[in-house]
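Visitor: Hey, can you work out the whole structure from these sequences and the hints?
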Amino acid sequence: MSEPRSDTDKSLAQETSPYGYPYWEWVAREDPEYVKARQPLSQLSVGEGKALPIKYREMVIIGILTFRGGSLDGILAHMRRAIQYGATKRELLEAIQSAAVPGGGPTFAAGCRALMQLDTEGAFKNG
Numbered sequence: 000m001s002e003p004r005s006d007t008d009k010s011l012a013q014e015t016s017p018y019g020y021p022y023w024e025w026v027a028r029e030d031p032e033y034v035k036a037r038q039p040l041s042q043l044s045v046g047e048g049k050a051l052p053i054k055y056r057e058m059v060i061i062g063i064l065t066f067r068g069g070s071l072d073g074i075l076a077h078m079r080r081a082i083q084y085g086a087t088k089r090e091l092l093e094a095i096q097s098a099a100v101p102g103g104g105p106t107f108a109a110g111c112r113a114l115m116q117l118d119t120e121g122a123f124k125n126g
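For the sequence shown, numbering that gives the first Met the number 0 begins at 0 and goes up steadily by one.
Think of the hints as simulated: they come from the structure by calculation, not from any bench.
Hints may be right or wrong, so weigh each one.
Below, in silico cross-link-like pairs of lysine to aspartate or glutamate (DMTMM-like), each with a Cα-Cα straight-line distance of 25 Å or less [stated by the list, open to error]: (1) Lys124 x Glu47; (2) Lys54 x Asp72; (3) Lys35 x Glu47; (4) Lys54 x Glu120; (5) Lys49 x Glu29; (6) Lys54 x Glu90; (7) Lys124 x Asp72; (8) Lys54 x Asp30; (9) Lys88 x Asp118; (10) Lys49 x Asp30; (11) Lys35 x Glu90; (12) Lys88 x Glu32; (13) Lys54 x Glu93; (14) Lys54 x Asp118; (15) Lys54 x Glu14; (16) Lys54 x Glu32; (17) Lys49 x Glu93; (18) Lys88 x Glu47; (19) Lys54 x Glu29.
Guide: As structure tokens, then:
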């Protein structure tokens, strides 16, 4: 049986994934070596300081998640991070529209559902 959460598990999980997925705390507790090994990959793919700004990298991830039928929670987490790094509602809508060309109606619908939820929640302070 797993041990209760610790601050170390939370910290290690946050360093591995900036999205707050609860399963990373569990993995950090169960196999901290795996989480530590994954941190450099996470930093390379979603970390700061790259030529492509985070908001655009998040939009790429959103397009892939919507196409692959990712969970609403996952799509929302990536949209929230894109917004945190300056993405506007219009930019996210256009990203979803772009993903709909190769991805089709289900991709578009998944992205719109998430975007509508964020709009209803008042997530867009910057347009």
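Visitor: Give me the numbers of the hints this structure contradicts, sorted from smallest to largest.
Guide: 5, 8, 10, 11, 12, 16 and 19
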